[in-house]
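The primary structure of each chain is shown beneath.
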Amino acid sequence: MRNAFAEEITALAATDHRIVLLSGDIGNRLFDPFKARFPDRFINVGVAEANMVGIAAGLALGGMRPVTYTIASFAVYRAYEQIRVDVGYHNLPVVMVGTGAGLAYAANGPTHHSCEDVAVLRVIPNMTIACPADADELRALLRDSLQHAGPVYLRIGKKGEPRIHGTVPEMRLGRACVLRPGHDVVLLACGTILSEALDAAELLEEHGVSTEVVSFPTVKPLDEPLLEHVFSARSMIVTVEEHGRAGGLGGAIAEWLTDQPRQKARLLRLGTPDAFLHEAGEQEHARELCGLTAVSIAHAIQSALKPQA
Amino acid sequence: MNDDVVTIARRMRRLVLEMSHRAGTPHLGSSLSCVELLAAVYHSWNVRPESWPNPQRDRVLLSKGHAGTTLYAALRTFGFLTDDDLATYAQPGSLLGEHPSPGLPGIEIASGSLGHGLNLAIGLALAARLQGWPSRIGVILSDGECNEGTVWEAALFAPRHRLANLFALIDYNKWQATGRSDEVTALAPLAEKWRAFGWAVHEVDGHDLSAIQTALSTPDADGRPTMIVAHTVKGKGVSFMEDDNNWHYRVPNAEELARALTEVGIP
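Top line first, the protein sequences correspond to chains L and F.
Using this note's numbering, read the first sequence as starting at 1 and increasing by one per residue.
Using this note's numbering, read the second sequence as starting at 1 and increasing by one per residue.
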């Protein structure tokens, strides 16, 4: 996905001369084409994420369209107050890209995991948060983010994520996208976990559970018309995300649901546990630990569907 | 010209004292120590409401947002605000809070949390350069603010990018909220630190308007960002407030205000 980001931002920078790309000393070689074409508009800020966000806010105050890029955990936790005050309070058009989000850097340990980033950013006024599922969604949402008048956090993967769409979808911030029809259960997948959700739907279908799958990248603002529809028309809505169950898409929808008139469907939230993952191992292993593989997603849903004793 | 700016500073100092008394707001000592810094930069750079709509304007950022009254006094004196505006300071519904909020002409950035302004100023200086603008970016920090790590991230960054259009001023009044700034951390020697980081450093008496204005007058010939380390006195201009850190939080009563205004003099 990061390769797609590098390609797309280079293409966008050719058409919008206000775009400035700031990196927190990552993306070795990744941005060489960007640097070659727009040397003045690439800034390696160094390992100084708070400075990067403050500088980006200043660039935006000065009429530019800054895009910051670093590993999600550092992009968010290290620079939180700058995101809140410099970017959020001033409501500036800064696009903050957190790469390797969720458990993409599982092997690097909890310092590199970001399973709380959506939770902490979601509560900042003016913030828009989107978690593209694959390179094509990323391209669509990056284009839209650079048209947006306020701050955007783009929570992206690392590399080698399965391509789901095949072409760049007609996807906008704040809009979810139905990928697979079904009429019992609805899986709302946020981010790169979408591929597991699609596989889980196959497994459920084999067991006679008709499962709709929706790519639901934008956590803020929620696609409320879609939620109103699925909660009134289906029996179970399941959120799946590589993020804590608290505060992510599942948390956001739970909050939304609490304020709605009583709905037909119940909500099941699948995400990472309230724990740091100490075990070594790659993303697949971490997903297994967290119950976020297709098999465990399908099992969790089947258990939830069983009539209560 | 210097008589003029001296009068301006005196008028600003009176407004700062009056606002603190009327609204019962703290940070008076910190506000009084940077009066000359703001007076000098607004005056030198001719920062006026007429230039506000122009994105290529010179910009002044108050990073030490707890000196909000000094900013408002400058904005009143240089024509951005009226007396009626100032009368609303810190009152319910006013846009003039204890710390500046964005949105009013003349207020370039919100501040109140320390360690933000210099980084924002760098972004503005880069934006100006990328777009070929003549803008100068001025930013006023406190010495206590230099406890914040982001100040030193900015210190490393700006010389590398040769931001000669960036002018930072530190109100070095030797105090922070609860102690001597040179004792809370190893701040001294402050000017040497900035020199070592590659800035064009001017060490001045922060109440000497001519000295500040000279330091602000020309960008560094070698392309370095400018750092004006301004030695100041907390509570400057009022004998019983000067260098007394109780006035970080104290608010003058009517009698103290009257004595203070007498000392400051007629505008």
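None of these hints come from the bench; they were simulated from the model.
One or more hints might be untrue.
What the hints assert, rightly or not - Quick partial rundown of chain L residues pointing at chain F, CB under 8 Å, derived from the structure:
hint	residue
1	N51
2	A57
3	G58
4	L59
5	P225
6	L268
Idealized CB from N, CA, C, for every residue including glycine.
For each hint, the structure was consulted:
1. Given hint, L/N51 at the interface with chain F, holds; its Cβ is 4 Å from that chain's nearest Cβ, closer than 8 Å.
2. Checking L/A57 against chain F by beta carbon gives a least distance of about 6 Å; that is within 8 Å, so the hint holds.
3. Interface restraint check: L/G58 against chain F, minimum CB-CB distance 2 Å, threshold 8 Å, status holds.
4. Among the interface hints, the one on L/L59 holds; its C-beta lies about 4 Å from the nearest C-beta in chain F, closer than the 8 Å criterion.
5. Taken as an interface hint, L/P225 does not check out: its beta carbon lies about 32 Å from the nearest beta carbon of chain F, beyond 8 Å.
6. Hint on L/L268 is violated. Least Cβ distance to chain F is approximately 40 Å, over the 8 Å limit.
The structure fails hints 5, 6 (numbered hints given earlier, in ascending order).
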